[in-house]
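Now for the letters of each chain:
Number of protein chains: 2
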Amino acid sequence: MKAIIQTNPDDPRALEWGDAPTPEIGDGEVLVKVRAAAVNRADILQARGHYPPPKGVTDILGLECAGVIEKVGDNAGGWQVGDEVCCLLSGGGFAEYAAVPVGQLLPVPKGWELERAVAMPEVACTVYSNIVMVAGLKEGDTLLVHGGAGGIGTFAIQLAKSLGATVAVTAGSAEKLERCRELGADILINYREDAFEDVLKEHGGANVILDIMGAKYLDRNVKALAMDGHLVIIGMQGGVKGELNIGRLLSKRGSITATGLRYRDKADKARIVSATEDIVWPLLENGTITDQIHATMDIRDTAKAHELLDSGEVTGKIVLVVGD
Amino acid sequence: MKAIIQTNPDDPRALEWGDAPTPEIGDGEVLVKVRAAAVNRADILQARGHYPPPKGVTDILGLECAGVIEKVGDNAGGWQVGDEVCCLLSGGGFAEYAAVPVGQLLPVPKGWELERAVAMPEVACTVYSNIVMVAGLKEGDTLLVHGGAGGIGTFAIQLAKSLGATVAVTAGSAEKLERCRELGADILINYREDAFEDVLKEHGGANVILDIMGAKYLDRNVKALAMDGHLVIIGMQGGVKGELNIGRLLSKRGSITATGLRYRDKADKARIVSATEDIVWPLLENGTITDQIHATMDIRDTAKAHELLDSGEVTGKIVLVVGD
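In order, the protein sequence lines correspond to chains H and W. Mapping the first sequence onto the UniProt record's numbering, position 126 (from 1) lands on 126, and the numbers just tick up by one. Mapping the second sequence onto the UniProt record's numbering, position 206 (from 1) lands on 206, and the numbers just tick up by one.
So here's chain H without its partners, still in its complex pose (with noise of 0.2 angstroms):
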């Protein structure tokens, strides 16, 4: 099969459209052949150099794509050839097949096009795991989202709104803050021109804080806290060490959790991929919260995408077609 294959470990954007071989499914698996695959900040990272995979994974990179099952291996769940996916993965999405365990996979939510849904299953996976399954975020809270023009951002502020909760954003342009206001955010910072923390401080703090900065926030994440509030740190955009005040914690009873999907184990993955579509997949089904798809790429100019990605003018998500 083809798939994007790195040339050059040393080069991140040495991405190339080449052979491969063709996945073996074992039990539990399914082959899908894949339509589209949707671009993560991991895939970036991996490039790099500094995000591996998991033991036994492919190296290929992809953390999600969507498709038709090809071929099922044994208790395949009811699975069968012909059925439209949504996969989330621990990595070989950026093919032409990838091999997934059935807890793994979503059916393509009604009335949605393939080549939209892939954008799906990474986000709300990482997001209602996160908010919901970890930090317990309900009806009458408030959520803070940093970045909240990415891909993580928009969806995290649709699915806050629809569990009925007060969203805080944050985000670097007045465009960006306008895009979030329009999906329903409430509290609108652009970080260049006001301390977050100040204005979470002001609206009584937040009960739930989604992070992808790491250090760079965490003193003043602790600040922007309610009673009770949790922090959940899902990247270390702005480095990995920074200095707790533990009596400040502690002052609020708060909690900080740092996680994140790729490493769990199958169970694990299973468990909140199908949290996610008993919760999540009606709400993209009666049009509460609707895909951010930035741009649609062939899949062979990768390099580009992550390109674009990184560019930091990205709203939402990027998604890579495969053609025939």
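Hints should not be assumed to be uniformly reliable.
A pair counts as met if it fits within one copy or between any two copies, since identical chains are not told apart.
[What the hints assert, rightly or not] Derived DSS-like pairs (lysine-lysine); straight-line CA-CA distance at most 25 angstroms:
{"hint": "1", "residue 1": "K241", "residue 2": "K110"}
{"hint": "2", "residue 1": "K161", "residue 2": "K138"}
{"hint": "3", "residue 1": "K55", "residue 2": "K304"}
{"hint": "4", "residue 1": "K201", "residue 2": "K223"}
{"hint": "5", "residue 1": "K71", "residue 2": "K216"}
{"hint": "6", "residue 1": "K110", "residue 2": "K33"}
{"hint": "7", "residue 1": "K241", "residue 2": "K223"}
{"hint": "8", "residue 1": "K55", "residue 2": "K252"}
{"hint": "9", "residue 1": "K2", "residue 2": "K138"}
{"hint": "10", "residue 1": "K241", "residue 2": "K33"}
{"hint": "11", "residue 1": "K71", "residue 2": "K223"}
{"hint": "12", "residue 1": "K223", "residue 2": "K110"}
{"hint": "13", "residue 1": "K252", "residue 2": "K216"}
{"hint": "14", "residue 1": "K201", "residue 2": "K2"}
These aren't lab readings, by the way, just hints derived from the structure by calculation.
With chain H held as given, fit chain W onto it using these hints.
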């Protein structure tokens, strides 16, 4: 009434048995004639000016007491004059009388003397709420508890063992560790001789850590965590600010909560007291968990009791008896 009065705010040992107004009881409260109280490290901190009572709470020391109900307010939830009770307090236990919200009353466990039961409310509610309600310790998990021979530690060992967990403890002497072993601790670490994080690593890491050291142990505690582990910080004897390696925390999908009982609102305290009564009181009544009382003193000797607790030479709790 008589109560322990701090006669000089600059001298934490200036504690005299003097006159104070008998507390008034309000809606949902009872008046308890105190027969005994127990000492907590928080009392020492408060006498030093570091741990002020919550708003509206007496500044008389004492976070737990036991005695007999002398008077009931409206909405006293079935409690009656003459009932023997243990009380979780926000303050005011070192006195002849204490006003107690009914949600913070516990019966004296069947078969227990009141003067021993008095040492249970604070430690039972603290340990149960943190290791189970916050951190979700369950059968087969490993708990690490620092200061295994102290009031918190001796209780945590017994509770965690009764829940089917493996228990690792740190302490500063062979004698203290032997006491921990007798109570059921499985992994004994003399912190003067071994690095606890290395020992825990050999045992697969701690699913839950109950910590009283704060900053001094922050990085080492994160190293000691197992995958999906939870560090719960309830004391800062080793300082307030420490460097957090978020990358390391993320590699374990770890959580950190810094928390305490005293500033929780009445509803939250009632929820914790009720759960603790349901789960822990039967374990006291059937002998699974025994009291660990280091010394029983007259309440007039509160300053001496503080000095003794501060010496670090105490195994378990100190009880103060109120004479007639």
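Structure-based check of each hint:
1. With identical chains, the CA atoms of K241 and K110 are never at most 25 angstroms apart, being 44 angstroms at best within one copy and 51 angstroms at best between copies.
2. Taking identical chains as interchangeable, the C-alpha atoms of K161 and K138 lie at most 25 angstroms apart only when both belong to the same chain, with a minimum of 10 angstroms there against 34 angstroms between chains.
3. For the homomeric pair K55 and K304, neither the shortest alpha-carbon distance inside one copy (28 angstroms) nor that between copies (59 angstroms) is at most 25 angstroms.
4. When the C-alpha separation of K201 and K223 is checked against a cutoff of 25 angstroms, the pair qualifies only within one copy, where the shortest distance is 8 angstroms, while the shortest distance between copies is 33 angstroms.
5. With identical chains, the CA atoms of K71 and K216 are never at most 25 angstroms apart, being 46 angstroms at best within one copy and 55 angstroms at best between copies.
6. Taking the shortest alpha-carbon separations for K110 and K33, only the intra-copy value of 20 angstroms comes in at or below 25 angstroms, while the best inter-copy value is 67 angstroms.
7. Taking the shortest alpha-carbon separations for K241 and K223, both the intra-copy value of 17 angstroms and the inter-copy value of 14 angstroms come in at or below 25 angstroms.
8. In the homo-oligomer, the alpha carbons of K55 and K252 lie at most 25 angstroms apart only across protomers (16 angstroms), although the nearest pairing inside one protomer, at 39 angstroms, exceeds that limit.
9. In this assembly of identical chains, the alpha carbons of K2 and K138 never lie at most 25 angstroms apart, being 44 angstroms within a copy and 47 angstroms across copies at closest.
10. In this assembly of identical chains, the alpha carbons of K241 and K33 never lie at most 25 angstroms apart, being 41 angstroms within a copy and 52 angstroms across copies at closest.
11. For a Cα distance limit of 25 angstroms, the shortest separation of K71 from K223 qualifies neither inside one copy, at 52 angstroms, nor across copies, at 43 angstroms.
12. Taking the shortest alpha-carbon separations for K223 and K110, neither the intra-copy value of 42 angstroms nor the inter-copy value of 46 angstroms comes in at or below 25 angstroms.
13. When the C-alpha separation of K252 and K216 is checked against a cutoff of 25 angstroms, the pair qualifies both within a copy, at 20 angstroms, and between copies, at 20 angstroms.
14. In this assembly of identical chains, the alpha carbons of K201 and K2 never lie at most 25 angstroms apart, being 52 angstroms within a copy and 43 angstroms across copies at closest.
Figure legend: structure checked against the earlier numbered hints; hints not met, in rising order: 1, 3, 5, 9, 10, 11, 12, 14.
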